Amino acid sequence: MTTTTTAPPSTAPGQSPQLRTRRLPVVASLGIAVAAVVLSAAVVYGAGIGGTALVVALAVVFYLVGLFLASNAVEGRRQARNRTWSALIHSAFVLALLPLASVTWTLVSKGIERLDGNFFGTSMNNIGARDPNGGAYHAIIGTLEQVGVATLITVPLGIACAIYIVEYGRGRFAFTIRFFVDVMTGIPSIVAGLFVLAFWILIVSPYFNDGRPGYSGFAASLALSVLMLPTIVRSTEEMLRLVPAPLREGAYALGIPKWKTILRIVLPTALPGIVTGVMLAVARAAGETAPVLLVAGGGAAINFNPFENNQSSLALYVYQQAGDASRYAPARAWAAALTLVALVLILTIAAKLLARRNRFSR
Amino acid sequence: MAKRIDATSVTAYYGSFKAIEDINLTVEPKTVTALIGPSGCGKSTFLRTINRMHEVLPGARVDGKLTIDDQNIYERDVDVTAVRRMIGMVFQRPNPFPTMSIFDNVVAGLRLNGVRRKSVLEDAAERALRSANLWDEVKDRLGKPGAGLSGGQQQRLCIARTIAVEPQVVLMDEPCSALDPISTLAIEDLMFKLKDRYTIIIVTHNMQQAARVSDRTAFFSIEQTGDPGRLIEYDDTQKIFSNPNVKKTEDYITGRFG
Numbered sequence: 001m002t003t004t005t006t007a008p009p010s011t012a013p014g015q016s017p018q019l020r021t022r023r024l025p026v027v028a029s030l031g032i033a034v035a036a037v038v039l040s041a042a043v044v045y046g047a048g049i050g051g052t053a054l055v056v057a058l059a060v061v062f063y064l065v066g067l068f069l070a071s072n073a074v075e076g077r078r079q080a081r082n083r084t085w086s087a088l089i090h091s092a093f094v095l096a097l098l099p100l101a102s103v104t105w106t107l108v109s110k111g112i113e114r115l116d117g118n119f120f121g122t123s124m125n126n127i128g129a130r131d132p133n134g135g136a137y138h139a140i141i142g143t144l145e146q147v148g149v150a151t152l153i154t155v156p157l158g159i160a161c162a163i164y165i166v167e168y169g170r171g172r173f174a175f176t177i178r179f180f181v182d183v184m185t186g187i188p189s190i191v192a193g194l195f196v197l198a199f200w201i202l203i204v205s206p207y208f209n210d211g212r213p214g215y216s217g218f219a220a221s222l223a224l225s226v227l228m229l230p231t232i233v234r235s236t237e238e239m240l241r242l243v244p245a246p247l248r249e250g251a252y253a254l255g256i257p258k259w260k261t262i263l264r265i266v267l268p269t270a271l272p273g274i275v276t277g278v279m280l281a282v283a284r285a286a287g288e289t290a291p292v293l294l295v296a297g298g299g300a301a302i303n304f305n306p307f308e309n310n311q312s313s314l315a316l317y318v319y320q321q322a323g324d325a326s327r328y329a330p331a332r333a334w335a336a337a338l339t340l341v342a343l344v345l346i347l348t349i350a351a352k353l354l355a356r357r358n359r360f361s362r
Numbered sequence: 001m002a003k004r005i006d007a008t009s010v011t012a013y014y015g016s017f018k019a020i021e022d023i024n025l026t027v028e029p030k031t032v033t034a035l036i037g038p039s040g041c042g043k044s045t046f047l048r049t050i051n052r053m054h055e056v057l058p059g060a061r062v063d064g065k066l067t068i069d070d071q072n073i074y075e076r077d078v079d080v081t082a083v084r085r086m087i088g089m090v091f092q093r094p095n096p097f098p099t100m101s102i103f104d105n106v107v108a109g110l111r112l113n114g115v116r117r118k119s120v121l122e123d124a125a126e127r128a129l130r131s132a133n134l135w136d137e138v139k140d141r142l143g144k145p146g147a148g149l150s151g152g153q154q155q156r157l158c159i160a161r162t163i164a165v166e167p168q169v170v171l172m173d174e175p176c177s178a179l180d181p182i183s184t185l186a187i188e189d190l191m192f193k194l195k196d197r198y199t200i201i202i203v204t205h206n207m208q209q210a211a212r213v214s215d216r217t218a219f220f221s222i223e224q225t226g227d228p229g230r231l232i233e234y235d236d237t238q239k240i241f242s243n244p245n246v247k248k249t250e251d252y253i254t255g256r257f258g
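These protein sequence lines are chains B and A, in that order.
320 is the number that the UniProt record's numbering gives to position 320 of the first sequence; each next residue is one higher, with no gaps.
43 is the number that the UniProt record's numbering gives to position 43 of the second sequence; each next residue is one higher, with no gaps.
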């Protein structure tokens with residue numbers, strides 16, 4: 001009886017449906033595509049209402065309608081729906097990919113201009129508005145140190161927190177922690193920056209700085225930690241929950257204590273997913289501008305010490321160069337943006353390779 | 001080395017739900033005991049109370065007394081991990097550790113309990129794999145992932161992993177239900193072999209399997225859904241399958257119910 005819903009209407013219930021049906025030839029859909037483009041061009045330019053973008057958009061609509069009608073006439077309704085929806089999903093995919101491709105292209109084509117040894121070897125110290133040189137060495141150092149320290153803080157803390165929630169937490173307390181981690185996910189970065197400014201810079205840092213408050217890269221790390229922590233906790237939590245319970249029970253049944261089961265069985269199994277979560281957090285932190293501006297202060301000179309004096313970062317550098325009046329600044333901003341993206345990409349690939357290589361060592 | 005198990009009025013709960021009630025039974029050393037009964041009658045639950053695996057689930061608890069050679073494992077000062085080291089368990093679905101090689105899987109119990117010497121681990125791995133009838137199939141690829149084996153091999157790997165820590169009792173929770181007949185036969189042969197050294201308790205839905213492998217058989221059942229499971233009859237396998245005392249057992253075994 002189920003055949004009645006899928007078979008052509010000509011087949012009565014109980015009768016075996018036709019297995020071979022007429023198909024729309026491949027040339028037909030190509031023809032419809034060409035016709036749709038021509039028709040849409042004629043409409044748009046004939047009426048003088050727009051440019052290429054409108055032609056493409058209208059052509060897609062015409063193509064979908066034409067395809068549905070043609071397929072409906074030749075192949076029947078079910079096949080026509082199938083074709084139309086497939087075409088829609090494919091166009092949605094292309095539409096989603098367009099901005100990404102566009103961003104990548106813009107970034108590479110504009111960033112490549114200043115991507116030279118000088119850019120990586122010098123800072124902005126003593127670079128005047130008329131000086132075409134100047135680089136992001138100090139900003140790269142700043143980004144690496146700030147994000148690195150923030151990662152050192154948040155990865156152990158975040159993973160431990162997720163382990164507590166998944167493996168140990170029971171009842172109200174664990175629920176409360178989960179709730180607040182969720183709330184933390186929504187904290188705007190400027191708020192995290194303000195928090196560290198009010199707490200660390202104004203209250204704590206004077207104790208280390210002869211009574212005067214001072215900017216530092218470490219303060220930026222703290223602000224970035226506030227932003228990274230919830231991402232790491234939530235993604236690790238999800239990954240730990242994906243580890244099948246029989247695996248844990250298998251370990252318990254061997255007389256392996258719970259903490260060792262978590263450390264040696266559960267965590268390694270979830271490791272690739274955890275690494276992905278950590279890298280998402282790192283990527284987010286590396287792109288933050290506001291907290292660095294607020295608590296590290298920025299700066300043009302190279303400062304290797306994250307615990308003292310101003311530091312810049314790549315994101316902040318992009319922000320400052322993009323707003324700079326010098327005619328050489330925009331090229332530097334693009335090069336720094338490209339460097340930032342490349343840096344995150346390299347880190348992500350390296351982390352994934354490490355996570356995979358570790359699987360069968362020892 | 002094999003131990004005698006004595007259950008006295010064991011009752012197990014999942015939260016407020018009573019899963020089994022008042023189970024009394026004695027398992028002699030170096031025998032195979034089969035637990036049979038319809039789905040949901042609590043035989044797996046009872047099995048999991050024997051190595052304190054039941055309490056792993058949130059809200060689960062056990063009342064009553066369960067002694068292994070006169071030592072009650074539900075005393076307050078008993079170390080759960082020590083109990084589980086003494087009473088190994090094989091699960092329904094093969095669960096090799098996916099991040100570990102075949103070798104690492106077999107010695108996981110030893111290594112994670114502090115055995116470091118490579119020679120000791122290698123000896124133990126070979127002995128366990130030979131006992132599990134798996135050595136010849138995997139000896140050339142001990143470094144390959146354990147999850148890459150076939151289902152039957154994985155289950156024998158899990159058995160090897162279990163006996164590598166040299167427990168005295170081996171619990172098996174439907175160890176063959178996910179396997180084909182040939183792998184099942186391999187595991188049944190294995191049980192005959194292991195019986196010389198270990199006390200084995202097996203849960204099975206396969207009546208022929210229970211008749212083939214076990215010395216004693218316990219029949220569990222429930223009145224209706226929601227009631228706790230009870231032990232209906234416990235006797236020599238031969239007796240249970242030829243001339244059971246209780247009508248219900250006979251009905252179940254002859255396929256008239258359940």
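These are calculated hints, taken from the structure and not from any lab test.
If you're wondering where the values come from, they're calculated on a predicted model, not measured in any experiment.
Some hints could be false.
As the list claims (entries may be wrong) - Here are some of the chain A residues that sit facing chain B, going by a computed Cβ distance under 10 Å: (1) P38; (2) R52; (3) T81; (4) I87; (5) M89; (6) Q92; (7) R93; (8) N95; (9) M100; (10) L112; (11) R116; (12) C158; (13) T162; (14) P167.
As the list claims (entries may be wrong) - Which residues of chain A face chain B? A few of them, derived with a C-beta cut under 8 Å, are: (15) N51; (16) P58; (17) A60; (18) A82; (19) R84; (20) P98; (21) T99; (22) N113.
Stated by the list, open to error - DSS-like cross-link-like pairs, simulated, lysine-lysine; straight-line CA separation at most 27 Å: (23) A:K239 <-> A:K193; (24) A:K30 <-> A:K144; (25) A:K30 <-> A:K239; (26) A:K65 <-> A:K195; (27) B:K352 <-> B:K260; (28) A:K118 <-> B:K260; (29) A:K18 <-> A:K195; (30) A:K144 <-> B:K260; (31) B:K258 <-> A:K139; (32) A:K139 <-> A:K65; (33) A:K118 <-> A:K247; (34) B:K352 <-> A:K144; (35) A:K65 <-> B:K258; (36) A:K139 <-> A:K195; (37) A:K247 <-> A:K195.
Ideal Cβ placement from N, Cα and C applies to all residues, glycine included.
_Status of the A:P58 interface restraint (C-beta, 8 Å, chain B)_ = Status holds, d = 7 Å.
_Hint status (Cβ of A:M100 to nearest Cβ of chain B, threshold 10 Å)_ = For A:M100, the interface hint holds, since the closest Cβ of chain B sits about 8 Å away, which is under 10 Å.
*Taking 10 Å as the limit, does the beta-carbon of A:M89 come near enough to a beta-carbon in chain B?*
Where the cut-off is 10 Å and the nearest Cβ of chain B is about 4 Å from A:M89, the hint holds.
*Have a go at the A:R84 hint: is there a Cβ in chain B nearer than 8 Å to its own Cβ?*
holds (4 Å)
*Would the stated hint for A:A60 survive a check requiring a Cβ distance to chain B of less than 8 Å?*
Hint violated; A:A60 Cβ to chain B Cβ min 12 Å, cut 8 Å.
*Going straight from one Cα to the other, do A:K30 and A:K239 come out at no more than 27 Å?*
holds (19 Å)
_Take the shortest C-beta to C-beta distance between A:N113 and chain B; is it under 8 Å?_
Since chain B brings a Cβ to about 6 Å from A:N113, closer than 8 Å, the hint holds.
*Interface hint for A:R52, Cβ within 10 Å of any Cβ on chain B*: OK, holds: A:R52 within 10 Å of chain B, min 9 Å.
*asked:* Would the hint linking A:K239 and A:K193 be met if the CA-CA limit is 27 Å?
replied: The given pair, whose Cα atoms are some 23 Å apart, holds under the 27 Å limit.
*Please verify that hint: A:A82, Cβ, nearest Cβ of chain B, below 8 Å or not.*
holds (7 Å)
*Holds or violated: B:K258 to A:K139, with C-alpha atoms at most 27 Å apart*: violated (31 Å)
*asked:* Using the nearest Cβ pair, does A:Q92 come within less than 10 Å of chain B?
replied: holds (8 Å)
In this structure, the earlier hints numbered 1, 11, 17, 24, 29, 31, 32, 33 and 37 are contradicted, and the remaining ones agree with it.
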